[in-house]
Amino acid sequence: MTARNHAETFVERVAARTPERLVKRVRGLSDRSIAWLFITPSIVLLLAINIFPLIWAIRLSFTNFKSNLASLPVRFVGLDNYISILTDDDVWHGMQVTARFVVCSIALQIFIGFGLALLINRQFRTHSFWTTIILLPMMLSPAVVGNFWTLLFQPQIGPFNYVISFFTGIAPRSFSMIGNVDLAPWTIVLVDTWMWTPYVMLICLAGLRSIPDYIYEAAEVDRASPWRQFWSITLPMVLPFLMLAVLFRAIEAFKMFDLVNLLTSGGPGSTTELASITLKREAFEKWRTGYSSAFAIILFVTVFGAANIYVKALNKVKQR
Amino acid sequence: MMTWHKTSLTAVLALGIAGLLTPEPAAAQGKSLTLCWAAWDPANALVELGKDFTKESGIEMKYEFVPWTSYADRFINELNSHSKLCDLIIGDSQWIGGSAENKHYVKLNDFFAKEHISMDDFMPATVLAYSEWPKHTPNYWALPAMADAVGWTYRKDWFARPELRAEFKQKYNRELEPPKTWDELLQVAKFFTGKEIDGKKVYGSYIYTERGSEGITMGVTNAMYGYGFVYDDPKQPYHMDGFVNSPGAVAGLEIYKELYKCCQPPGLTNAYMQEGLDAFKSGQVAMQMNWFAFFPGLYKDPNVGGDKIGFFVNPAGPKGQFSQLGGQGISVVSYSDHKDDALRYIKWYAQPSVQQKWWELGGYSAHKAVVQNPKFPESAPFAPAFLKTMDIMVDFWAEPLYVDLLLDMQKRVHDYVVADKGTAKEALDLLVKDWVKVFKDEGKL
Numbered sequence: 001m002t003a004r005n006h007a008e009t010f011v012e013r014v015a016a017r018t019p020e021r022l023v024k025r026v027r028g029l030s031d032r033s034i035a036w037l038f039i040t041p042s043i044v045l046l047l048a049i050n051i052f053p054l055i056w057a058i059r060l061s062f063t064n065f066k067s068n069l070a071s072l073p074v075r076f077v078g079l080d081n082y083i084s085i086l087t088d089d090d091v092w093h094g095m096q097v098t099a100r101f102v103v104c105s106i107a108l109q110i111f112i113g114f115g116l117a118l119l120i121n122r123q124f125r126t127h128s129f130w131t132t133i134i135l136l137p138m139m140l141s142p143a144v145v146g147n148f149w150t151l152l153f154q155p156q157i158g159p160f161n162y163v164i165s166f167f168t169g170i171a172p173r174s175f176s177m178i179g180n181v182d183l184a185p186w187t188i189v190l191v192d193t194w195m196w197t198p199y200v201m202l203i204c205l206a207g208l209r210s211i212p213d214y215i216y217e218a219a220e221v222d223r224a225s226p227w228r229q230f231w232s233i234t235l236p237m238v239l240p241f242l243m244l245a246v247l248f249r250a251i252e253a254f255k256m257f258d259l260v261n262l263l264t265s266g267g268p269g270s271t272t273e274l275a276s277i278t279l280k281r282e283a284f285e286k287w288r289t290g291y292s293s294a295f296a297i298i299l300f301v302t303v304f305g306a307a308n309i310y311v312k313a314l315n316k317v318k319q320r
Numbered sequence: 001m002m003t004w005h006k007t008s009l010t011a012v013l014a015l016g017i018a019g020l021l022t023p024e025p026a027a028a029q030g031k032s033l034t035l036c037w038a039a040w041d042p043a044n045a046l047v048e049l050g051k052d053f054t055k056e057s058g059i060e061m062k063y064e065f066v067p068w069t070s071y072a073d074r075f076i077n078e079l080n081s082h083s084k085l086c087d088l089i090i091g092d093s094q095w096i097g098g099s100a101e102n103k104h105y106v107k108l109n110d111f112f113a114k115e116h117i118s119m120d121d122f123m124p125a126t127v128l129a130y131s132e133w134p135k136h137t138p139n140y141w142a143l144p145a146m147a148d149a150v151g152w153t154y155r156k157d158w159f160a161r162p163e164l165r166a167e168f169k170q171k172y173n174r175e176l177e178p179p180k181t182w183d184e185l186l187q188v189a190k191f192f193t194g195k196e197i198d199g200k201k202v203y204g205s206y207i208y209t210e211r212g213s214e215g216i217t218m219g220v221t222n223a224m225y226g227y228g229f230v231y232d233d234p235k236q237p238y239h240m241d242g243f244v245n246s247p248g249a250v251a252g253l254e255i256y257k258e259l260y261k262c263c264q265p266p267g268l269t270n271a272y273m274q275e276g277l278d279a280f281k282s283g284q285v286a287m288q289m290n291w292f293a294f295f296p297g298l299y300k301d302p303n304v305g306g307d308k309i310g311f312f313v314n315p316a317g318p319k320g321q322f323s324q325l326g327g328q329g330i331s332v333v334s335y336s337d338h339k340d341d342a343l344r345y346i347k348w349y350a351q352p353s354v355q356q357k358w359w360e361l362g363g364y365s366a367h368k369a370v371v372q373n374p375k376f377p378e379s380a381p382f383a384p385a386f387l388k389t390m391d392i393m394v395d396f397w398a399e400p401l402y403v404d405l406l407l408d409m410q411k412r413v414h415d416y417v418v419a420d421k422g423t424a425k426e427a428l429d430l431l432v433k434d435w436v437k438v439f440k441d442e443g444k445l
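If you read the protein sequences in the order shown, they are chains C and V. In this text, residue positions in the first sequence follow the numbering used here: the first is 1, and each later residue adds one. In this text, residue positions in the second sequence follow the numbering used here: the first is 1, and each later residue adds one.
Simulated from the structure, these hints should not be mistaken for laboratory data. Source: prediction; values computed, not measured. There's no promise every hint is true.
Pairs of lysine-lysine residues, derived as DSBU-like cross-links and limited to a Cα-Cα distance of at most 30 Å, are as follows [stated by the list, open to error]:
hint, chain 1, residue 1, chain 2, residue 2
1, V, Lys156, V, Lys375
2, C, Lys66, V, Lys440
3, V, Lys135, V, Lys347
4, V, Lys444, C, Lys66
Far from chain V, by Cβ distances over 10 Å, these chain C residues were calculated [what the hints assert, rightly or not]:
hint, residue
5, Trp36
6, Leu86
7, Asp90
8, Arg122
9, Leu202
10, Ile211
11, Tyr216
12, Phe230
13, Leu244
14, Pro268
15, Val311
The C-beta atom is built at its ideal place from N, Cα and C for all residues, glycine as well.
Turn these sequences into a full structure, and let the hints guide you.
Right under this line is the structure:
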């Protein structure tokens, strides 16, 4: 007797034992009803953990609620929180720091990631080994990466300064990557780039591998130079993938918190204080829940709006 | 022989049964208390001390110690969420306002009256800082548990080197001694910075610069108090303009920055207690700012302790000598299911004999029977400096919204001192603006 026969016997036995009333009720369900039956748990879960908190946060953003003083009466403050955020110089400073971080780190990641993808795509002998090595940083926890780089940047014992000193002759103890106002913003860009370039590389590699060989063969027949092939075939065909990488990385970089918190805590002063760090301080150190809800909504609308515009642009590129 | 064996066996059995039947109530009933505090040297001494309480009461002591960097976040969250984790908490002095007003702590007045525990037996500054809310009123929410303040350590062996003493004398026309004023401190720090001692480049001083929690504020105030910084108008509470940003306060902030710029070892731009200990222990700095709580451990250090280390009180400024208060009181958490046992611990802890042992183990007692004992100054090399500091301590705001006030000061001071943003006057003007906003939101202005 096969396993299949066993199963059939079991199913038949269960069916035989099912009360007639229940059988009739289930038999009466339409396909649509059964579909609803299956997706309802997911919808309930989505509503409970995504939509409800969002609506709750929007509601809180119009109040002076402080979650550490939850017993105090909550006052409706209208748009006060939003006005206060949008007119606060420190908030704008944080947004500018975030914007600079996003632009610089993504530009570097795209440039280096695409370059690495082009190299790895050449299928040389040890390319699998090098792919694994390149992917390693991406697989580490941001907490580990943050602590690890903090030690590397330590001006007295960290090797980073000694490497710079070896190439430039600058005394290793004479500068501090994390503590210097001019260097600290580049420090967080550098570490983020080190960690996430492999991710961009993977997406680009997927794009490169999706280009059919016959297109290049046709170009070869037409005597197109490698440079011409790159501009006319590779780049246009990888562009949607690159744009996707930019979208993913931009969203991640915009809400970057863990790495920067461990590396600089927003310092020196507020030189590297990204919007997410300001938000954390307001929400979980000062406990200004209403204010921080408004701040979170502003950030959400900014990212969501920018992502939507970008996705439309991406679709246009794909249609071309 | 056989009889002897039988007798012995009977005796052993009898003893065993007696042992089983003898009431050892607490241990047998599995009573226990959880005490929450920061993970640092004095916490180890407290564990040792707590063994006596367990022996006496049979109540097992459990401990929840978390690192300083997450201490406030973690335990304020526990209190706000009405958690039952901590039966007893050694909470920071600044928490007293919020914890009293939000009823996180049990009010101890009736208990103190019933058990004849008098706050007059403790050093007044510690009672004011750790126990009272509102301030200067006899409403007690904690018993002073760990007296602490900022003090300084210095390399006594370096200060004693004839060649360095001669060079210093020639340069500044005075003896190389532990500084008594901030100007002297700056001078000594500059003197040591860049010197090569035992084949190693050293730096003058280590001061707090930490940004995330409370570090730079706990450091900079030691300079600012002496130059005239006060939190508000003594005659008009919460009126801060002209006090927080007074010319004296500006001068104090400027000298702190000057000390940071000239003499701090490189890379210590976001550094607090541990980094200071590391810098001192590794022989990088001649002088170190840090909490007295660490001094017993440093004195025992095989490399820099013993004869090599000296201690001095925070130097004076033109307006007087003050030191930033640290330390904590011990409170009973109102959400605990073991409040009676927790109160029993406090009663035990308040005894002079227990306080004396606490000091001997490496904790800092605030009990007058300990610190005003004529033998106290000779009891440890850092005791005289600690005793003097007890009279000059000043605390940060202890308002319920102290975290907001603290984070504002962290930002403004770090921006100026470490990130070179604006002038000292601008930083303090912005701080006044921030603090006015906080008090307005709270309805106090």
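Verification of the hints:
1. The suggested pairing of V:Lys156 with V:Lys375 holds, with an alpha-carbon distance near 24 Å, which does not exceed 30 Å.
2. Pair hint C:Lys66 plus V:Lys440 holds up; C-alpha atoms about 15 Å apart against a cutoff of 30 Å.
3. Distance hint between V:Lys135 and V:Lys347 is fulfilled; the C-alpha atoms sit about 23 Å from each other, no more than 30 Å.
4. Of the supplied pair hints, the one linking V:Lys444 and C:Lys66 holds, its CA atoms being roughly 17 Å apart against a limit of 30 Å.
5. With a closest Cβ-Cβ approach of about 38 Å to chain V, C:Trp36 is found to remain outside the 10 Å limit, as its non-interface label requires.
6. Even its closest Cβ contact with chain V, about 16 Å, leaves C:Leu86 beyond 10 Å, as expected for a residue assigned away from the interface.
7. Under the 10 Å C-beta cut-off, the non-interface status given to C:Asp90 relative to chain V is violated; the minimum distance is some 8 Å.
8. With a closest Cβ-Cβ approach of about 42 Å to chain V, C:Arg122 is found to remain outside the 10 Å limit, as its non-interface label requires.
9. Against the 10 Å criterion, C:Leu202 stays outside the reach of chain V, whose nearest CB is about 34 Å from its own CB.
10. Distance check on C:Ile211: its Cβ is at least 47 Å (rounded) from any Cβ of chain V, clearing the 10 Å threshold; non-interface status holds.
11. The claim that C:Tyr216 lies off the interface holds: its Cβ sits roughly 51 Å from the closest Cβ of chain V, which is beyond the 10 Å cut-off.
12. With a least beta-carbon separation of about 44 Å from chain V, C:Phe230 lies farther than 10 Å from that chain, consistent with its non-interface assignment.
13. A cut-off of 10 Å between C-beta atoms confirms that C:Leu244 is not in contact with chain V; the least separation is 35 Å.
14. The Cβ of C:Pro268 does not lie farther than 10 Å from every Cβ of chain V; its closest approach is about 4 Å, which violates its non-interface assignment.
15. Listed as a non-interface residue, C:Val311 keeps its Cβ farther than 10 Å from every Cβ of chain V; the least gap is roughly 37 Å.
The structure is inconsistent with the numbered hints 7, 14, although it conforms to all the rest.
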